[in-house]
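Protein sequence lines correspond, in order, to chains A and B. Mapping the first sequence onto this note's numbering, position 244 (from 1) lands on 244, and the numbers just tick up by one. Numbers given in this note's numbering equal positions in the second sequence, counted from 1, plus 333.
For the record, the hints were derived by calculation from the structure and aren't laboratory data. Hints are supplied without guarantee of correctness; some may be wrong.
Claimed, not checked - Some residues of chain B that are not near chain A, with every Cβ distance over 12 Å (derived):
| hint | residue |
| --- | --- |
| 1 | Asp-357 |
| 2 | Gly-358 |
| 3 | Phe-423 |
| 4 | Gln-434 |
| 5 | Thr-435 |
| 6 | Val-446 |
| 7 | Pro-498 |
| 8 | Asp-581 |
| 9 | His-636 |
| 10 | Ser-644 |
Claimed, not checked - Rough simulated footprint, nothing fancy, chain A against chain B, three-plus residues with beta-carbon under 8 Å:
| hint | stretch |
| --- | --- |
| 11 | 513-523 |
| 12 | 540-551 |
| 13 | 590-599 |
Unchecked claim - With a straight-line cut-off of 25 Å between C-alpha atoms, the simulated SDA-like cross-links for lysine to any residue are:
| hint | chain 1 | residue 1 | chain 2 | residue 2 |
| --- | --- | --- | --- | --- |
| 14 | A | Lys-143 | B | Gln-424 |
| 15 | B | Lys-526 | A | Pro-273 |
| 16 | A | Lys-143 | B | Ser-569 |
| 17 | A | Lys-259 | B | Asp-548 |
| 18 | B | Lys-465 | A | Leu-152 |
| 19 | B | Lys-465 | A | Asp-266 |
| 20 | B | Lys-347 | A | Leu-152 |
| 21 | A | Lys-259 | B | Gly-351 |
| 22 | A | Lys-259 | B | Ser-569 |
| 23 | B | Lys-527 | B | Asp-539 |
| 24 | A | Lys-259 | B | Ile-605 |
| 25 | A | Lys-169 | B | Ser-508 |
| 26 | B | Lys-527 | A | Pro-273 |
| 27 | A | Lys-143 | B | Ile-605 |
| 28 | A | Lys-259 | B | Asp-563 |
| 29 | B | Lys-384 | A | Gly-154 |
| 30 | A | Lys-171 | B | Ser-508 |
| 31 | B | Lys-347 | A | His-150 |
| 32 | A | Lys-259 | B | Leu-512 |
| 33 | A | Lys-259 | B | Gln-424 |
| 34 | A | Lys-259 | B | Lys-527 |
| 35 | A | Lys-259 | B | Ala-509 |
| 36 | A | Lys-143 | B | Asp-548 |
| 37 | B | Lys-465 | A | Thr-270 |
C-beta: ideal position from N, C-alpha, C; glycine also.
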Amino acid sequence: MTSLLQVDNLTIRFTRAEPVRNLSFEIGHSETLAIVGESGSGKSLTALALMQLLPSAAEIAAESRISFGGRELTGLAAREMRHLRGREIAMIFQEPMTSLNPVMTIGRQIAEVLMVHEKLSGRAARRRAIELLELVRIPAPDKRIDDYPHQLSGGMRQRVMIAIAVACKPKLLIADEPTTALDVTIQAQVLDLLDTLRRELRMAVILITHDLGVVAQWADNVVVMYAGRKVEQALPGDLFDDPLHPYTRGLLSASPRLKRDFHYRDGPLTEIPGSIVSAVGEAGCPFRPRCNQARASCGHHVPPLIVPAEDRLVACPFTTSSKAVPHAASLRF
Amino acid sequence: MPLLSVSDLKTHYKSRDGLLRAVDGVDLVVERGETVGLVGESGCGKSTLGKTVLRLVEPTAGRIAFKGEDITTRDQKSLRSVRKSIQMIFQDPYASLNPRQTIGEILEAPLIVHKAGDRARRQQVISGIVAKVGLPADSINRYPHEFSGGQRQRIGIARALLLSPELVVCDEPVSALDLSIQAQILNLLVEMKKEFGLSYLFISHDLSVVRYFADRVLVMYLGRIVESADNATLWSDPRHPYTRALMDAVPDPARPRQAAPLGGDLPSPSDIPTGCRFHTRCPLATDLCRTHEPEFRTVAPGHQVACHLASHIH
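Same shape as in the complex, but just chain A (with noise of 0.2 Å):
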């Protein structure tokens, strides 16, 4: 299958940072792929970087190749890539509040979208703002077109979002942490929204989270990364199965939903110490000054990606497989 989007060597580059470096993945028509990390993991600047949207300190180095649909994204000119934007790459926020504007209904603002990218008439647009509140399951769309983001519940208003980025029918929707603002009960209702549109759009959906028990769920490959860098790729069966790197291992044990009937009288979760700021000057490893399985050679250089098993990748050379090591009881989770 040809790949939708194809991102090679990614680096983004500030005066005195990299905050992303030397990331590669591809994503299928139709596929979700999550992204995990978390804060500082380089995940959000990703995603503006690909629908270019980058602060202006920033910079995506020469040797960065972002190929969306046979289209080399880097270097496009604004008009271009204005063109593209909203039409075929769309994006959704974790705070839909800030990214609606207060002031204006929310069907204007999805009337706005269809009248600049498909030249539809005022009444037109507003026909078909209609529809797509109805497809993302707003009750009594044609009375709450009229309403100001205000009088809209968190779930709704995120779902208003989610209508006016898929109302060009986009080939690919990123969403950063979409869910991370609202309640599970309703987190689960916008995911499910999410994953029905994909299929009926077949639209691919990048998934920026840092929520393990989401991604097992509902993506189709699962990219992690730790300070700028992807550190593990998996299938998620594999990756919650098995995981690598000695980060993802970390993130799994730490995290209470994962050993279930774990309790504070069973003893201290597991913890992976410091913080990830610690990766800040690192030379090698950047998860090394938290590894507690790092050794001197780690200090040395970055690890490169190494190919463990079929469709999995992970940058760290000492990594054995759980399953192979007699001790692996005290890696499940």
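Since chain A is already given, all that's left is putting chain B on it; use the hints.
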């Protein structure tokens, strides 16, 4: 005698949309040494409940007793001695630390207010607590912005523990933190509980955190407790349809994906549905549920549920 006992507590606000019933008749008890988890979604009133217990927000009705003593109507001045014993940890440690004060100054303020010894004694207490919560000793000369989120939460914990409280109300203490840091803070809270013999009222929207951290769990919906049970019982035998929906909604890698367990949104606390307040979203609702509010009744020792159908749900 329980450490904290709250009965029929109500906190209502006047708002543009009418009377907002944030806390609407809550009974709860925290025993000495116990960690009580309070879970619910945003807008259910759990934070208001936490603040009302400390009387940071004034109750509209009901009774709050700390160690048997009624503190509901005590004036602010005589509340001071109680405040020393009940402290609070907030979700966003950055918003609750004065950016212009050093950590040393931030930590000294409560000691001055509560007249805890002279300057030398105060410094001694501060450096003791700073070490206990795992911050470097030179932290006291630094400002909040110099710390990461996890470290700031350690500062928040240090401040809460300075005056040797007996009860700490933790309001979403790890929700703003990255996963790799959450475990550090939860472990610290457990250590502090052992070290100081603390009791916690632990407010969270995250069921998995509560599952790890609480001895007993209260589930709150639209201003009321709808289920209360010890931790193990709640997870093995949840009876309220809302509790079950909350559990099902948590994405769990060990389980195949299923349809969203609940439709709709939380109704507004200024327009609480008649009958059972959950009936508008409940998959099992009957006519009875639409007209009659269920009592909070005991279904097994230590297990209470406010649902007409609780005895049929297993």
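Now for the hints, and whether the structure bears them out:
no.	hint	in the structure
1	Asp-357	19 Å, holds
2	Gly-358	22 Å, holds
3	Phe-423	18 Å, holds
4	Gln-434	22 Å, holds
5	Thr-435	20 Å, holds
6	Val-446	32 Å, holds
7	Pro-498	19 Å, holds
8	Asp-581	8 Å, violated
9	His-636	18 Å, holds
10	Ser-644	24 Å, holds
11	513-523	holds (count 8)
12	540-551	holds (count 6)
13	590-599	holds (count 8)
14	A/Lys-143 x B/Gln-424	37 Å, violated
15	B/Lys-526 x A/Pro-273	21 Å, holds
16	A/Lys-143 x B/Ser-569	43 Å, violated
17	A/Lys-259 x B/Asp-548	16 Å, holds
18	B/Lys-465 x A/Leu-152	45 Å, violated
19	B/Lys-465 x A/Asp-266	22 Å, holds
20	B/Lys-347 x A/Leu-152	21 Å, holds
21	A/Lys-259 x B/Gly-351	44 Å, violated
22	A/Lys-259 x B/Ser-569	15 Å, holds
23	B/Lys-527 x B/Asp-539	23 Å, holds
24	A/Lys-259 x B/Ile-605	36 Å, violated
25	A/Lys-169 x B/Ser-508	35 Å, violated
26	B/Lys-527 x A/Pro-273	21 Å, holds
27	A/Lys-143 x B/Ile-605	22 Å, holds
28	A/Lys-259 x B/Asp-563	18 Å, holds
29	B/Lys-384 x A/Gly-154	24 Å, holds
30	A/Lys-171 x B/Ser-508	34 Å, violated
31	B/Lys-347 x A/His-150	19 Å, holds
32	A/Lys-259 x B/Leu-512	14 Å, holds
33	A/Lys-259 x B/Gln-424	23 Å, holds
34	A/Lys-259 x B/Lys-527	22 Å, holds
35	A/Lys-259 x B/Ala-509	21 Å, holds
36	A/Lys-143 x B/Asp-548	47 Å, violated
37	B/Lys-465 x A/Thr-270	19 Å, holds
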